[in-house]
Amino acid sequence: APVGQDTGLAEIRTLVEQWSEGAPRPAAATTPGTITERDTLTDYASHLRGLVDLTAIRPLKVVVDAGNGMGGHTVPTVFEDLPLDLVPMYFELDGTFPNHEA
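What the sequence shown shows, in my numbering, is residues -8 to 93, in sequence order.
Keep in mind the hints are simulated off the structure, nothing from the lab.
Every value quoted in this text rests on a predicted model; they were computed, and no experiment measured them.
Some hints could be false.
Unchecked claim - Derived lysine to any residue pairs resembling SDA-like cross-links, with alpha carbons at most 25 Å apart: (1) 52 x 25; (2) 52 x 83; (3) 52 x 82; (4) 52 x 72; (5) 52 x 78; (6) 52 x 9; (7) 52 x 42; (8) 52 x 71; (9) 52 x 40; (10) 52 x 35; (11) 52 x 37; (12) 52 x 64; (13) 52 x 80; (14) 52 x 28; (15) 52 x 33; (16) 52 x 36; (17) 52 x 29; (18) 52 x 26; (19) 52 x 74; (20) 52 x 27; (21) 52 x 68; (22) 52 x 38; (23) 52 x 63; (24) 52 x 75; (25) 52 x 73; (26) 52 x 87; (27) 52 x 41; (28) 52 x 19; (29) 52 x 65; (30) 52 x 39.
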């Protein structure tokens, strides 16, 4: 499920507000947790692709200007295996965003 108000964010906000007002924080765990690696990009792409009728997509040339942001990382996975001729612009990740001045 997507992350949002109904899936835990509201609860996190409430806890942070309570803690910032001096409410006691939970005790530290007595046993260490576990670390799990997960490919969230694949899940995200799958979610986005589930929002549209993929069978209705006809062959098309698509120019995407990622502006050196995360689109350069996510768009290829989202568009993978679709009948699209992707023309990438500024897909190199660069947090200074040199190709789009503010």
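Status of each hint after checking the structure:
The straight-line distance between the Cα atoms of residue 52 and residue 25 is roughly 44 Å, outside the 25 Å bound, and the hint therefore fails. With a C-alpha separation of about 20 Å, the suggested pairing of residue 52 with residue 83 holds against the 25 Å cut-off. Only pairs whose Cα atoms come within 25 Å are accepted, and residue 52 paired with residue 82 is accepted, the gap being roughly 17 Å. For the hint linking residue 52 to residue 72, the alpha-carbon distance of about 14 Å falls within 25 Å, and the restraint holds.
A distance of roughly 7 Å separates the Cα atoms of residue 52 and residue 78; the hinted pair therefore holds under the 25 Å criterion. Restraint check for residue 52 and residue 9: the C-alpha separation of about 51 Å exceeds 25 Å, so the hint is violated. For the hint linking residue 52 to residue 42, the alpha-carbon distance of about 21 Å falls within 25 Å, and the restraint holds. For the suggested pair residue 52 and residue 71, the alpha carbons sit about 14 Å apart, so the restraint of at most 25 Å is met.
A hinted pair counts as satisfied when its Cα atoms are at most 25 Å apart, and residue 52 with residue 40 qualifies at roughly 18 Å. Proposed proximity of residue 52 and residue 35 is supported: the alpha carbons are some 23 Å apart, at most 25 Å. For a cut-off of 25 Å, the pair hint linking residue 52 to residue 37 stands: about 21 Å separates their Cα positions. Straight-line distance between C-alpha atoms of residue 52 and residue 64 comes to about 19 Å, which keeps the hinted pair within the 25 Å bound.
Taking the CA atoms of residue 52 and residue 80, the gap is about 13 Å. The hint holds against a cut of 25 Å. At most 25 Å may separate the alpha-carbon atoms for a hinted pair to count; residue 52 and residue 28 exceed this at roughly 34 Å. Distance hint between residue 52 and residue 33 is fulfilled; the C-alpha atoms sit about 23 Å from each other, no more than 25 Å. A C-alpha spacing of about 19 Å is found between residue 52 and residue 36, which places the hinted pair at or below 25 Å, so the restraint holds.
A threshold of 25 Å between alpha carbons decides the hint, and for residue 52 with residue 29 the separation of about 31 Å lies outside it, so the pair is violated. Between the alpha carbons of residue 52 and residue 26 the distance comes to roughly 41 Å, so the proposed pair goes past 25 Å and is violated. The hinted pair formed by residue 52 and residue 74 meets the criterion: a straight-line CA distance of about 9 Å does not exceed 25 Å. Restraint check for residue 52 and residue 27: not satisfied, since their Cα atoms lie roughly 38 Å apart, outside the 25 Å limit.
Distance hint between residue 52 and residue 68 is fulfilled; the C-alpha atoms sit about 16 Å from each other, no more than 25 Å. Annotation: proposed proximity of residue 52 to residue 38 holds, straight-line Cα distance about 23 Å (limit 25 Å). A hinted pair counts as satisfied when its Cα atoms are at most 25 Å apart, and residue 52 with residue 63 qualifies at roughly 17 Å. Annotation: proposed proximity of residue 52 to residue 75 holds, straight-line Cα distance about 6 Å (limit 25 Å).
Taking the CA atoms of residue 52 and residue 73, the gap is near 11 Å; set against the 25 Å cutoff, the hint holds. For the hint linking residue 52 to residue 87, the alpha-carbon distance of about 28 Å lies beyond 25 Å, and the restraint is violated. Restraint check: the Cα-Cα separation between residue 52 and residue 41 comes to about 21 Å, which is no more than 25 Å; the hinted pair holds. With a CA separation close to 53 Å, the supplied pair residue 52 and residue 19 exceeds the 25 Å bound.
Between residue 52 and residue 65 the CA atoms are separated by roughly 18 Å; this keeps the pair inside 25 Å, and the hint holds. For the hint pairing residue 52 with residue 39, the CA-to-CA distance comes to about 19 Å; that is within 25 Å, so the pair holds.
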